[in-house]
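Line by line, the protein sequences are chains A and B. Going by our numbering, the first sequence opens with residue 1, and the numbers climb by one from there. Going by our numbering, the second sequence opens with residue 1, and the numbers climb by one from there.
Because the hints were derived from the structure by calculation, they are not lab data. Every residue gets a Cβ at the ideal spot worked out from N, C-alpha and C, and that includes glycine. Treat the hints with care, as some may be off.
Only some residues are given here: those of chain A computed to face chain B with a beta carbon under 10 Å [to be verified]:
hint, residue
1, 11
2, 12
3, 121
4, 139
5, 237
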Amino acid sequence: MPVSVYIPTPFRKLTGNRQHVEASGANVAEVLADVDRQYPGFRQLVFGSGETVPAHINIYVNKQEITSLNGIETALQDGDEVAVIPAMAGGSGEDEAPKRKTVGALTAEQVNRYSRHIIMPQVGPAGQRKIMEASVLIIGAGGLGSPIAVYLALAGIGKIGIVDFDVVDLSNLQRQILHQNDDIGKPKAISAKETINAYNPDVEVVVHEVPITSDNALEIIKDYDYVINGADNFAARYLVNDACYFLKKPLIDGSILLFDGQVTVYLPGQGCYRCLYPSPPPPGMVPSCAEAGVLGALCGTVGTIQATEVLKLILGAGESLHGRLLLYDALAMEFRQVRIRRDPNCVLCGDNPTVTELIDYDAWCGGAFDHTNEEERKAAEAAREARERAAASMNA
Amino acid sequence: MAVEVKVTSVLQKITGAKVVQGEGGTVGELLADLDTRYPGFKQQIMQDGSLHRFVNIYLNDEDIRYLNQLDTRVKDGDSISILPALAGG
Chain A
1 MPVSVYIPTP FRKLTGNRQH VEASGANVAE VLADVDRQYP GFRQLVFGSG
51 ETVPAHINIY VNKQEITSLN GIETALQDGD EVAVIPAMAG GSGEDEAPKR
101 KTVGALTAEQ VNRYSRHIIM PQVGPAGQRK IMEASVLIIG AGGLGSPIAV
151 YLALAGIGKI GIVDFDVVDL SNLQRQILHQ NDDIGKPKAI SAKETINAYN
201 PDVEVVVHEV PITSDNALEI IKDYDYVING ADNFAARYLV NDACYFLKKP
251 LIDGSILLFD GQVTVYLPGQ GCYRCLYPSP PPPGMVPSCA EAGVLGALCG
301 TVGTIQATEV LKLILGAGES LHGRLLLYDA LAMEFRQVRI RRDPNCVLCG
351 DNPTVTELID YDAWCGGAFD HTNEEERKAA EAAREARERA AASMNA
Chain B
1 MAVEVKVTSV LQKITGAKVV QGEGGTVGEL LADLDTRYPG FKQQIMQDGS
51 LHRFVNIYLN DEDIRYLNQL DTRVKDGDSI SILPALAGG
């Protein structure tokens with residue numbers, strides 16, 4: 001029997017901003033289990049690590065609180081509405097969620113600073129406060145990380161984490177707007193923090209000046225609400241994807257090369273990077289930006305779309321890109337979309353997952369094929385040579 | 001059946017153009033046709049008769065993995081996109 005379940009705003013990041021979802025079950029307990037099956041992580045948000053509904057969450061069936069009915073066994077019929085209402089804002093399992101920032105009334109200065117947000121009906125003072133209470137982790141302070149960080153800083157995101165262990169290099173300055181000439185030689189995460197706070201001193205910036213690895217990924221990611229990927233290699237992309245899936249964090253993914261970009265949003269349980277690309281290419285098969293190049297301005301376009309998508313998730317506004325892969329062709333100035341979906345055979349988020357913990361991604365990306373290393377090396381080499389011959393004959 | 005095939009910048013180095021035309025009744029036949037017109041094309045996206053797993057092919061915006069893979073039938077006027085993974089950031 002299908003019932004409608006009202007999802008409170010703090011939980012909507014799991015349901016792609018949906019305010020209502022349909023679920024099946026003979027009673028409230030079964031319906032909640034069904035919602036958790038559709039949107040993994042929901043159970044944890046409602047129950048925390050316990051077995052009973054905690055005191056700060058009220059559940060209503062057709063506007064009647066279930067404690068005055070039959071509790072979690074309250075029977076349901078077709079068309080009933082089950083509403084999950086946290087009694088206080090930001091209620092989630094207290095032993096697993098980090099201390100959330102809560103923002104009271106905006107100061108006069110903040111009302112002025114964010115006035116162009118606040119006057120929009122989709123934002124308002126309440127929406128601006130949600131932005132200021134949110135925490136976002138950005139992987140990489142480079143081509144994509146730069147516009148993402150800048151626009152999120154301008155928007156007033158409460159906490160921005162930056163993961164980057166590299167130093168600013170002259171060749172970065174063709175596209176990485178977080179860094180300027182005087183920053184050459186400075187750690188990129190520090191340069192990022194300085195730029196963010198020069199724009200907006202209210203933003204708390206946490207720098208993670210380390211490479212993200214299987215040893216630290218879960219620890220770093222757990223303290224943020226959202227993760228945005230600006231990594232520049234396949235190993236990091238698969239690592240971040242897997243970690244976000246295990247920690248049930250929405251992941252806003254973007255990638256670029258030459259004149260092309262791809263962007264999408266992965267919500268836990270609704271498809272992941274491995275559903276789209278089950279295995280990485282062997283090394284050398286897909287060139288990096290350093291090898292093939294990228295139009296600097298392209299980073300701005302794609303990164304800004306990523307920032308836009310996370311703001312929409314925070315505000316619960318519009319339709320998120322989840323389930324769609326946005327393709328940007330800058331040369332034709334064309335945007336297209338293709339459908340992406342959860343693959344039931346996905347080894348991470350499918351029906352029979354075999355990847356249940358983080359792996360050694362460098363080793364996996366280094367030897368991606370079933371063939372011997374020698375064969376794959378030759379294949380990548382042959383492919384690269386073919387591209388170069390073709391390019392040379394076109395330029396001749 | 002003339003089918004329009006869109007490729008990304010990396011593959012353009014082989015085809016010389018963003019959009020090319022190919023012939024074939026299935027996706028597999030279409031790729032074989034493109035390989036005769038643009039030598040080295042197949043090598044970029046396939047090995048031993050199957051698509052590299054980091055390359056996706058879309059028929060009118062639907063992933064052929066969920067259709068009939070390389071046996072997916074194509075007809076005049078269809079649009080195929082070949083999309084290898086990008087990692088740049």
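Evaluated hints:
1. 11: For residue 11(A), the interface hint is violated, since the closest Cβ of chain B sits about 30 Å away, which is over 10 Å.
2. 12: Since chain B brings no Cβ nearer than about 27 Å to residue 12(A), farther than 10 Å, the hint is violated.
3. 121: violated, 32 Å
4. 139: Check passed: Cβ of residue 139(A) comes within 8 Å of chain B, closer than 10 Å.
5. 237: holds, 6 Å
Violation of the numbered hints given earlier is confined to hints 1, 2, 3; the remaining hints are satisfied by the structure.
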